[in-house]
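Asker: Okay, here's what each chain looks like letter by letter:
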Amino acid sequence: MRKNPKSSSLFPIKIEELQQLMQNKFENNPDLTFSIYEQPKRRIAVFYIGYMVEAEMVENYLLRPLLNSSEKWSNKSIRNEIPLGNSDKKERLEEILQKILIGEVFIYVEGEDSAVSYLLAKKEKRNLAQAETESLVLGPKVAFTESIVTNMNIVRWSIRSTDLVLEKLIIGKRFPREVRLIYVNSIANDTDVNTMRQRLQELEVDQIEDSSVLMQYIEDSSTTIFPQFYGTELPDRFTYAIDKGKIGVMVENSPTAILAPTSFFSFFESTEDLYMRWNAGSFLRYLRFIAIIISILLTPAYVAATTFHYELIPTQELITIGESRSVVPFPPIIETLLLEFIIELLREAGARLPTKIGQTIGIVGGIVIGTAAVQAGITSNFLIILVALSALASFTIPNYLMSTSIRIIRFPMIILAGVLGMIGIMFGICFLIIHLLKLKSLGRPYLSPIYPFRWEDLNKALFRLPNAYQNKRFASYKPKDLIRYRKRKAVQKKDIDE
Amino acid sequence: MDINVKVKPNLRIRAFYLFFIISSIQLGVGIMGVPRLIFMESHQDAWISIIFAFFYMLIVVLAMLIILKQYDNADILGIQIDIFGKWVGKLLGTVYIIHFAITLLSVLVTYIEVVQVFIAPGISNFVMGLLLISLIVYSILGGLKIIVGVCFIFFLLSHWVLFLLIEPAYLMDLTHFQPAFQTSFTELLKGAKITSYTFIGFELLLLVYPFIQNKQKASMPVYIGIFWSSLIVLLVTVVSIGFFSPDQLERREWALLNMFKIQSLPFIERFDYIVVTEWMMVVLPNMILLMWGIIYGMKRLYKIKQRTSLYAVAFLLLIFCVFIDQHFLIQKVIDNIAKTSFWLVYVYPLLLLPIVLIKKRWKKRKGDGRHLSN
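Here the protein sequences come in this chain order: A and B. If you're matching positions, the first sequence starts at 1 in my numbering and goes up one per residue. If you're matching positions, the second sequence starts at 1001 in my numbering and goes up one per residue.
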């Protein structure tokens, strides 16, 4: 009679029965190793999946002491004799099946009411490497890897405090995967932590392929083009945000960690702004803000001005533009869409091809197509400059998801400009702003601190001021502890020549 | 219908935003043409008329705030029902809704006309109406918090236009203001009265008030909002009178926009194009707030779902704005609004105030000492 494996213990069980059971479960998987060893009046079964465990460890530390042992086998004696620290007891079949798949080795002594297990998993992983998508000039270069253990190790080395919580959650109904909810207990806002935990726990899905997929499952709005959580592969950015009171989520087998709540403006700040001196940091941040405006509006403005509003352009420039456009047979909107399309093609091809070829194709393609297009009279010189500039501007955004969104927004803008002129562009801008106003990240407004307006947060979102003026955390997200850095008390204003 | 409004805490807004609500609803299409209108009434002393108007508005707003403070958390629709009974109260509430609707229509058609005159003669009323109304609907679907956010952000993004007044201000001819203080008092009052259409809209305070989180701080932002819009109208009027000669000014429908024509930058030659486009950010909050007033009022009075009435009103608005496309027709609409709304917005609160106060005292004397609203 089979017992219900979910509700009660599988053991005690005859070894033959256990073997039969396990082999039934792994019918089409020939990799289950199930060996039986005998002592007078005692039998034990050792079972594991061959390629999931460190074979050498199993032989040296598990089997050898076991077989050389003079004592009578029992759960107690096994645990005493085997020189490994991470032993555990398992009773239910479900549990055993789950754990054997992540590389645990089970020992069952016939007659005992539980099986002893040791985690001797062998995990293939790559070494730490430099960040690829978010590269920095200054500061730590290392990036997260696919191994969640390595990632947690890196984070722990940065935040050495018991305050750092790494809650473990298992997500995925069919193919479960480990997910960690990471925050600092004495800083992070409880409501936010609860919201995040609830969203993760309520997620019922077969499997999550990557953290960016998880991000889309648990985001506030799934229809918008803007990412509402920040995915980063930089440990320094991650720990910095955790220290500011944000909540992190890591997913097994994903090199990207999620950060929430995130405001629109934090997509344009890089940790490098912190490593620079404050004036350079602010300058770079503003450069990026100007870059998005250029990236969204430059080519639409060209289309609007050349299609409808010649009067807008001063005569001198109008002559230049007119000369360079004189041979072009298409209306400006077609011309611009064509060129933007070519640039996107080059970018996509460069991203898909192997690195070395990709660069060559990018340069050769850019130069050759650009020059040839102008000589063939398909586009004007002037437009090539504008399109290149707006493509360049979009790449200054530190977050890849956001920079892709910004690049895509340009296309409807160009069409609006080509159909309705400046009114169309303005319609687009108004729509974008209203849309951004409506978005939320983990229930917190996306455009904070601009709206809802918070004076004390403005300096953090829009500027990078000297540390003495930026000593507080982001108050809009209501962290438990607001002060991040205490000003030096000794600094007292002296009079001149005192 | 309840007299007091129950507002969930997460839907409330800080009193600080009242400034932006008041100033964005007051500054709209009216300001583009108002310098000429005031000038035609009170000539070189037009600026005195605006100061008159400002002080008069302060009195009206003060009356409104006193009325509202007599109740726990009521808006004008509830107060009217409390004072005049169910039928008359609902009728008066409907008058407010119609007032909002016609004002909204006038703003819409005026802006469409300005766009057609200045930058896009070919664009049809239907397309422009569709663009603007879709934006209105889209933002109202987010609720009052989003609407206030739109007001706030568009306020910040549109006020740079004021810097464009610096150049015309340098070109002012101060003799246009001389001889000062020559206009008769009645003419000054007429000038003040003609600003009524420009300054219209602050009666929305009577509807928004229950949504305010910290009501004890509500009055200051309102006063400053009134002050700010009066200041800007004053500024625009003074600069236009100084910049244009009297004959020129009387022939210019939208004097403000004409002043922007003269400036240019190395890469932009005609700033009036930019300003007229940018003006969308000025009129949108205006229209959104009015639209919210309409659909919220309908919900309060007739229990119509806001979503239903929003689509219905938007559709009607689109139909109307297609048919009102002649200048004289638009002017006629505006003149009529100015006339009727003057009584509703600028006189009615002052009449309502004593009635509310008397009723409160009467109820108190009646015995139970409980608050009027209970």
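If you're looking for bench data, these hints aren't it; they were derived computationally from the structure. Ideal Cβ placement from N, Cα and C applies to all residues, glycine included. One should not assume that every hint holds.
[As the list claims (entries may be wrong)] Not everything, but these chain A residues come out facing chain B in the computed CB check (under 10 Å):
| # | residue |
| --- | --- |
| 1 | GLU311 |
| 2 | ILE369 |
| 3 | CYS430 |
| 4 | PHE453 |
[What the hints assert, rightly or not] Computed cross-link-like contacts, DSS-like style, restricted to lysine-lysine with a CA-CA straight-line distance of at most 27 Å:
| # | chain 1 | residue 1 | chain 2 | residue 2 |
| --- | --- | --- | --- | --- |
| 5 | A | LYS244 | A | LYS141 |
| 6 | A | LYS478 | B | LYS1193 |
| 7 | A | LYS440 | B | LYS1193 |
| 8 | B | LYS1215 | A | LYS478 |
| 9 | A | LYS440 | B | LYS1363 |
Asker: All the hints need checking, so say for each whether the structure fits it.
Answerer: Hint check:
no.	hint	in the structure
1	GLU311	holds (5 Å)
2	ILE369	violated (28 Å)
3	CYS430	holds (6 Å)
4	PHE453	holds (7 Å)
5	A:LYS244 <-> A:LYS141	holds (21 Å)
6	A:LYS478 <-> B:LYS1193	violated (48 Å)
7	A:LYS440 <-> B:LYS1193	violated (45 Å)
8	B:LYS1215 <-> A:LYS478	holds (23 Å)
9	A:LYS440 <-> B:LYS1363	violated (47 Å)
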